[in-house]
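Q: Chain by chain, the residues run as shown.
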Amino acid sequence: MSTAVAQKRGLGAAIWDYLTTVDHKKIAHLYLYAGGLFFLIGGLEAMIIRIQLMKPDNNFISAGLYNEMITMHGTTMIFLAAMPLIFALMNAVVPLQIGARDVAFPFLNSLGFWLFLFGGLMLNVSWFTGGAPDAGWTNYAPLSTTSPGHGVDYYVMGLQISGAGTLIGGINFLVTIVNMRAPGMTYMRMPLFTWSVFVTSTLILFAFPALTVGLFLMMFDRMFGSAFFDVGLGGNAIIWEHLFWIFGHPEVYILILPLFGAFSDIFSTFSKKRLFGYSAMVFATVLIGFLGFMVWAHHMFTVGMGPIANSIFAVATMAIAVPTGIKIFNWLFTMWGGQIKMTAAMLWSVAFIPSFTIGGMTGVMLAAAAADYQYHDTYFVVGHFHYVIVGGVVFGIFAALHYWWPKMFGIKLNEKLGKLAFWPFFVGFHLTFFIQHFLGLMGMPRRYWVFLEGQGLETGNMISTVGAFFMAIGTLIFVYNVIYSAKKEKKADGDAWGTGRTLEWAIPSPPPHYNFVQTPLVRGLDPLWVEKMDGKEGMTPAEPLGDIHMPNASFLPFMMSLGTFIAGFGFIYQVDNKAWLIAVFAGMGILLGSMLVRSVKDDLGHHIHKEEIEEDIKKGVAK
Amino acid sequence: MRGWMGKFRSLLLFSALTLFLAGCGQENLSALKPEGYGAELLLDLMLISIAIMVFVFVIVMAIYFFVLVRYREKKGQEDFVPKQTEGNHTLEVIWTVIPIILLLVLAVPTVQATFDLADQSSQDEEGVLTVEVTGNQYWWHFNYEGQEIATSQELYIPVGERVYLDMKASDVIHSFWVPAIAGKMDTNPGENINTMYLEAYEEGVYWGHCAELCGPSHSLMDFRVVAVSPDKFEQWKEDMQNVDPEAEPETASAKEGQELFNNNCMSCHAIGGASAGVGPNLTNFGNRNKIAGILEPSKENLVDWIVHPDEIKPGNKMPANIVNKEEASKIADYLMGLKHTDVGTELDSVNKPKNDQ
Amino acid sequence: MSHEDVLNPTKLPHDPEKATLEGKNKFLAFWFFLGGETVLFASLFGTYLALNGSTQGENTPEHLFGLELVFIMTMLLLTSSLTSVYAMYHMKNHDFGKMQKWLGITVALGFAFLGFEIYEFYHYIHEYGFTFRSSAFGSAFYTLVGFHGGHVLFGLSWIVTLMIRNQKRGLNLYNAPKFYIASLYWHFIDVVWVFIFTVVYLMGKVG
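Protein sequences, first through last, are from chains A, B and C. Each residue of the first sequence is one higher than the one before, counting from 1 in the working numbering. Each residue of the second sequence is one higher than the one before, counting from 1 in the working numbering. Each residue of the third sequence is one higher than the one before, counting from 1 in the working numbering.
None of these hints come from the bench; they were simulated from the model. C-beta atoms are modelled at their ideal positions from N, C-alpha and C, and glycine is treated no differently. Careful, some of the hints might be misleading.
Taking lysine-lysine pairs in the DSS-like style, the calculated list, with each CA pair at most 25 Å apart, reads [unchecked claim]:
(1) K416(A) <-> K532(A)
(2) K623(A) <-> K532(A)
(3) K74(B) <-> K419(A)
(4) K74(B) <-> K416(A)
(5) K419(A) <-> K237(B)
(6) K532(A) <-> K83(B)
(7) K325(B) <-> K339(B)
(8) K168(C) <-> K610(A)
(9) K341(A) <-> K92(C)
(10) K341(A) <-> K33(B)
(11) K601(A) <-> K205(C)
(12) K488(A) <-> K619(A)
(13) K339(B) <-> K532(A)
(14) K532(A) <-> K75(B)
(15) K341(A) <-> K178(C)
(16) K341(A) <-> K205(C)
(17) K18(C) <-> K178(C)
Derived coverage of chain B by chain A (criterion: at least 3 residues anywhere in the stretch with Cβ under 8 Å from a Cβ of chain A; other residues may be distant) [stated by the list, open to error]:
(18) 89-98
(19) 149-161
(20) 217-229
Using C-beta positions, here's what the derived DEER-type ranges look like [unchecked claim]:
(21) D244(B) <-> G130(A): 31 to 39 Å
(22) S170(B) <-> S279(A): 52 to 60 Å
(23) T161(C) <-> N577(A): 46 to 54 Å
(24) V278(B) <-> N59(A): 22 to 30 Å
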């Protein structure tokens, strides 16, 4: 669907192409398809939750199934929807924005995707094999360690596998941004999206290993009889909470920062103005990332850490509001004095500001440690984090997809349908989640399968459910728009919006697989804008036209991920029957064997010859 | 353009309306209607934070709407190129410093309240009551330290006094929350004991929830705090200390029920001052506000519960069908007759609020 | 740079591991990776410190650990780190033969270390009945030290693979970065062991 070439060679060849591709643009497509699918699944789970809570004492689904539903909704949305959709954007945009031909490690890029996908599949297989995980997405011990069946085992193995993929992706983008920038692209000339991906990747690098360890300990406790969280043998259940949140809090910033970056680019493009306070924005991004590691225990105010620890984490958490506020004001002043063009992408971005501001403010309210004794684990928290994650991350993903869709697929999404999808989603979002703050304060804890009649919670829950349906309608219109646009919209220009400022808009939409015919020379912030203002057509090349070195496709990433997938099942079921150890050995064999092949077989990539490139330029697919 | 703005305004209006309505919430349950020291302190803290947040929000929104209206692209000016402003130092300093000041304004009462609520200075003083709270799947046990009183599901406390709670869990993590009186605190498994205190201002039956996911019946792990005057509380103590677990019931059916109970249920349950068994202590069962924490106290409900506890609270540990329906009915007669104290029965429960809305 | 220049360079530069973009990327990525590994081990150390008192009254650290054995293991691993430095020194001098020799010694020392570790675990299990499931301390001890042991095993397999793969063709710009980062990994393993020696064994024995 993405390239005419693939269609010509037939479906089988196209599938094989995607299975083996190491091209960051195709990997972006894969992340988008998989993440989009999981987003729909997670949304369906959310609808089931809201239907169950439509009225008091409802019996739409059973208590056990409800817990599976909330667990899978949270886990799916965070790990299998938001993360891959962000990775889709990172892959689609970052190499283009810094003027690179691919990421630093195309092979690892592919490996990261397949690990994520197999991890996600593993989690969702649990629905069909006796029950999904049911201890909440936070999976607190000892509820999780004592949860019957294999649900939690799937959680552990699924997240371990997909987490490894994310970690690999993080390192890849760090190196890409440090080493692969085009000449003249200094750090302080990088677009904000690239900057935020850089900070996010750092967070991934330092946060995910804590989750890795937590998951290992959980796995050992559940599958091999260790006693980390078993108080009967001297274990301590709180260790899980710490490890989980040392990962989990930075994870929140991992999710939101790239979208902050995307918003910055979008506001700037559609206001026809350079970003207001660029260096302050960069500084704020770095500071948010740094502070993100200092505040994990604010998820644990009621655990009993004592007033000193609670106060320290409370004040540290409040401090994050300062750089976030700086960002909000800088966005507003980017639009100030500009020429605001209200495209669908801009609409989502503009809607983000009040929504996220509310989310940020309830965040500060939650940071007040003592007051959190009332908010904690209630619908207030549910309201808060949905304002941040939907109002920030999901709005951001929609905005960014509208904005970069022409670069990813060569066509724009239909603007009218884009706006039509926005309104029900936006209204539904506020209907669903605003009221939840009050439900929480009125005494409704989160993760409640039923609420009782006569406690004053009926109206609020009903409104919330109605809102959820509006959001579902908005999402469906967006999906329809994707299909509609693929058929009806005509090919987009390289500078699809006409006011593009950054390097990705200097090349055709979609770009040829080597991106840049000649590596561009960057002469300032917003390099394309600089050239345009000088009256030039495009970028000045930094090198003569010549052969281009590109990486080779490989099937090994798929095989390695498949190996972990098989081994994962082995680990889960060897508890019941030791014969499953065969699967462990087989899976690990495939993994290690593939790694061995990768190690001993030289892979130097290939060259695209000058003649082919000249041919492409003639055809207009390269510039 | 007009329509877009109009919709947005009506949305804001709607939000304000919701805010107004929700100010109420259910008496004796809502954190917005504090009836105890902790809840009142925390509501004040919330109001300070809300005031600051609304202040900031109004400023942000004022700039926001001004910008969106004033700087929309106008017809015929598509080619206009705005001035490319780099930034503005004064402005940037302003929106860095003012938030810092606002946060400090919030941080001071936050730290104060945090230390205030963690204060345990009077716990060891004479006459100060400490209750050992144990969270179990899916019920609460209360053991009155040094009083030889044990009870489950309904915690009696004297009004106007600080009552300390030493809290732990027997299985998984739970969280003890009585929104109208105080904030919540987790109960952790093992020797990891947390302490908090309750101080109710007025007599009443306050609704409590478990606030940490603890299994399928997490949402059904409700309990109540019964606050009574100090005099009545002394009376209650005396009644509870003088419970005769073996006392003969009056009716024949109840007598049979007692025997059935002793043979089938006593291995887990207890009546009188015995501490937590596998199941809840059932002292004064006949006067409780709810059966199993959630059901209306009728015989029919009790029989259902005894025969099919798994259907009412999925995943709970009481086995189904230990006795048949007929036997359960007799046990119910016995249990409903267990009225060891009248204290608190005159109080309205949450579901029958004083001023019904 | 053509493939020929990478695989059969006429003259190796002084830093063959960083002569190509791929080499530079690997070098940087590996440092980042080690940063992540540091968080991984920090989490394991944190867990160990939280649980090392939870012995359930038997098989305490003082009771179990024998410093003689651990001292020998430490010496083996520290020495192996030094020999891998020699190997890298010879790589920079483009002396492939000597590099292989010193890597060989490194690997031998590594296997000796691993042998002692296996003996140590075997000893605890069979002499003391101290296992992974005995207590939270047991779980934490075997997990922390075992993770390190797993890293040693992986590092050894990696270096041996590289040595065999490149035995015939010698050093080039394609394999130099691989040798280099494998040796970085080996140093990291060594550093982690120094912390294990201090935190687990010395502190366990002293108090």
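Q: All hints, please: hold or fail.
A: Hints, one by one, checked against the model:
| no. | hint | in the structure |
| --- | --- | --- |
| 1 | K416(A) <-> K532(A) | 29 Å, violated |
| 2 | K623(A) <-> K532(A) | 16 Å, holds |
| 3 | K74(B) <-> K419(A) | 19 Å, holds |
| 4 | K74(B) <-> K416(A) | 19 Å, holds |
| 5 | K419(A) <-> K237(B) | 66 Å, violated |
| 6 | K532(A) <-> K83(B) | 15 Å, holds |
| 7 | K325(B) <-> K339(B) | 23 Å, holds |
| 8 | K168(C) <-> K610(A) | 35 Å, violated |
| 9 | K341(A) <-> K92(C) | 58 Å, violated |
| 10 | K341(A) <-> K33(B) | 47 Å, violated |
| 11 | K601(A) <-> K205(C) | 48 Å, violated |
| 12 | K488(A) <-> K619(A) | 23 Å, holds |
| 13 | K339(B) <-> K532(A) | 88 Å, violated |
| 14 | K532(A) <-> K75(B) | 23 Å, holds |
| 15 | K341(A) <-> K178(C) | 51 Å, violated |
| 16 | K341(A) <-> K205(C) | 70 Å, violated |
| 17 | K18(C) <-> K178(C) | 11 Å, holds |
| 18 | 89-98 | holds (count 4) |
| 19 | 149-161 | violated (count 0) |
| 20 | 217-229 | holds (count 5) |
| 21 | D244(B) <-> G130(A): 31 to 39 Å | 49 Å, violated |
| 22 | S170(B) <-> S279(A): 52 to 60 Å | 56 Å, holds |
| 23 | T161(C) <-> N577(A): 46 to 54 Å | 34 Å, violated |
| 24 | V278(B) <-> N59(A): 22 to 30 Å | 28 Å, holds |
Of the hints listed earlier, those the structure fails to meet are numbers 1, 5, 8, 9, 10, 11, 13, 15, 16, 19, 21, 23, in rising order.
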